[in-house]
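Chain order of the listed sequences is P and X. This note's numbering numbers the first residue of the first sequence as 27 and each following residue consecutively. This note's numbering numbers the first residue of the second sequence as 306 and each following residue consecutively.
No lab work stands behind these hints, which were simulated from the structure alone. Note that beta-carbon positions come from the ideal geometry of N, C-alpha and C, so glycine has one too. Treat the hints with care, since some could be wrong.
[Stated by the list, open to error] Going by beta-carbon spacing under 8 angstroms, a handful of chain P positions derived as facing chain X:
{"no.": "1", "residue": "P97"}
{"no.": "2", "residue": "T100"}
{"no.": "3", "residue": "P104"}
{"no.": "4", "residue": "S131"}
[Claimed, not checked] Derived DEER-like restraints, expressed as beta-carbon distance ranges:
{"no.": "5", "chain 1": "X", "residue 1": "N570", "chain 2": "P", "residue 2": "T155", "range": "49 to 59 angstroms"}
{"no.": "6", "chain 1": "P", "residue 1": "T113", "chain 2": "X", "residue 2": "G550", "range": "29 to 39 angstroms"}
{"no.": "7", "chain 1": "P", "residue 1": "P38", "chain 2": "X", "residue 2": "A438", "range": "37 to 47 angstroms"}
{"no.": "8", "chain 1": "X", "residue 1": "A323", "chain 2": "P", "residue 2": "T113", "range": "51 to 61 angstroms"}
{"no.": "9", "chain 1": "P", "residue 1": "S55", "chain 2": "X", "residue 2": "R407", "range": "39 to 49 angstroms"}
{"no.": "10", "chain 1": "P", "residue 1": "A142", "chain 2": "X", "residue 2": "G596", "range": "36 to 46 angstroms"}
{"no.": "11", "chain 1": "P", "residue 1": "P38", "chain 2": "X", "residue 2": "S659", "range": "22 to 32 angstroms"}
{"no.": "12", "chain 1": "P", "residue 1": "T113", "chain 2": "X", "residue 2": "T535", "range": "56 to 66 angstroms"}
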Amino acid sequence: MFDSIIDPTLGPATDAGRGPAAPADRPDSLSGLRLGLLANTKRNAEQFLDQVGRLLTERCGVTALVARKKPDITNTAPEPILDDLRTQCDVVVVGVGDCGSCSASAVADGIILERAGIPAVVVCTDAFTASADAMARVRGVPGYRYLTVPHPMANLSPEGVRDKAAAAVPEIVAMLTSGAMAAAS
Amino acid sequence: MTTAAGPADRAADPAEQARAVIEYCYDQGWTDGLPVVPATRSGVEEFLATTAREADEIIGTAPHLGRSITVAQAAANAIMAGCKPEYFPVVLAAWDAVNLERSARGAWQSTSGPCPLIVVNGPVRSRLEINCAGGVFGPGFRANATIARAIGLIVRNGYGIRPHELEQATQGLPGRWSVCLGENEEASPWEPLSVVGGAGPGTDAVSAVLIRTCEYVDNRGTDNPEAVLTDFADTLARLGAYLGGGHSSGGLVLGPEHAQLFGRNGYGRADVQQWLFEHAVRDRGDLIAAGKGEGPVGDPAQAGTPFPMMPSARDIPILVAGAANAAMSMVFRPFGWAPWSGRSVPVAWSRALSGV
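If we strip away everything but chain P, and leave its shape as in the complex, we get:
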């Protein structure tokens, strides 16, 4: 009826949403694998991932840790960091999505890694599921599965971070070994 109206949302097409929606193949276990830890600059993100790395090394036989910290909470990890993770890791944990921008960009990082064939688990706090889900739709993977931990993360003491990491580890293992991406429908 209103055919003359211009859709103000239509801009130049880009390829952010292109690529397979299927998850990378999962290993049977983490034993003998190299684990990447992709942190952002939010408070306690690195500490949380350090604990995850420690626990997966102790409990699951991870043999190497590759920890990287991306400099920008809004954008996806820069190419050199992604390249390190793609070439030096078998599986990756990304996090922590604990703000509006970084929850969405953590999901984008996870999807980029999955598309490169690297199983990844993205960790967000449960306050940011809306932005995480929105980014998954933007990236062409609606229903993308990520791990939520109780909000908040930033105000935790070192003990609080340790406890939160310990509580998350079983689910991280399950998602790295049994499929994190929504199956393409």
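Use these hints to put chain X onto chain P, whose structure you have.
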């Protein structure tokens, strides 16, 4: 005696058609909650005629979202915001000024939910009837209201950053997407903000900084400039505005009475900035008591010294706006830690409008 209009009469009524098209735009998810003006191809052409820039020029990118924004898309959103065609070059300059801010990259999805504070200088203020005087923060003035709103619609529709989805403002702030001020150059004792920002005197130019809020300072009881500065310094040094990282942030929209008090007493803009930088300080114990003692605040080597809350004198932007009818001013709070870019963007008119 009139009879009730039937469905056919209503369908033929242009006012009813206008109402239907407004509802259509709501249904598409294109609005910020207020009605929008429908953008048509001919409307966009009319807007594009005001600028020398190409319709398909990319003026913004969000690589993480896979989105880019063109001049034509900005025009559609400016129409929707209620702009007149001749406002469009100012909208484009405001957009560019906002994007000079280092903090803009993460702003639109942030829990902080910041708002662009847009400042217009130059003769364009009177040509477009951009309010610089009473009630300058609005509402009531089409150019001020719609230029600011256009920026918000470009973010929403161009980047697809919508509240409760990618936009995650915890509370937002009153007046987001509605703050566009003309500087009251005629009532200011100092050079225009745009000259500080590198534009030539008399040039139409736009400056912008992202802010988290504004707080009034009402001080009409003294003619002592240091007393008024003391009052400003207190608000600038408020604990709640400090979120770690070594300093807080602040700037001033001076009411003309306060600005003229400083001018009469020989203070330049830089003198006011320096005084405020030196006096907007807190006892480190105040910050520690509020749970904000991390990092430089608790540095043992600095114990006992006052903690400066502003990043530097230069990074306290100051402009003049409002009416000269009461001695009150506004402290504004730049978002994030990056200072104002310090660069004002000249308004680029089409050849027809620039008279060239």
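Results for each hint:
no.: 1; hint: P97; verdict: violated (12 angstroms)
no.: 2; hint: T100; verdict: holds (4 angstroms)
no.: 3; hint: P104; verdict: violated (11 angstroms)
no.: 4; hint: S131; verdict: holds (5 angstroms)
no.: 5; hint: N570(X) - T155(P): 49 to 59 angstroms; verdict: holds (56 angstroms)
no.: 6; hint: T113(P) - G550(X): 29 to 39 angstroms; verdict: holds (34 angstroms)
no.: 7; hint: P38(P) - A438(X): 37 to 47 angstroms; verdict: holds (41 angstroms)
no.: 8; hint: A323(X) - T113(P): 51 to 61 angstroms; verdict: holds (59 angstroms)
no.: 9; hint: S55(P) - R407(X): 39 to 49 angstroms; verdict: holds (44 angstroms)
no.: 10; hint: A142(P) - G596(X): 36 to 46 angstroms; verdict: holds (42 angstroms)
no.: 11; hint: P38(P) - S659(X): 22 to 32 angstroms; verdict: holds (28 angstroms)
no.: 12; hint: T113(P) - T535(X): 56 to 66 angstroms; verdict: holds (59 angstroms)
Going down the numbered hints, you'll see the structure goes against 1 and 3, while the others check out.
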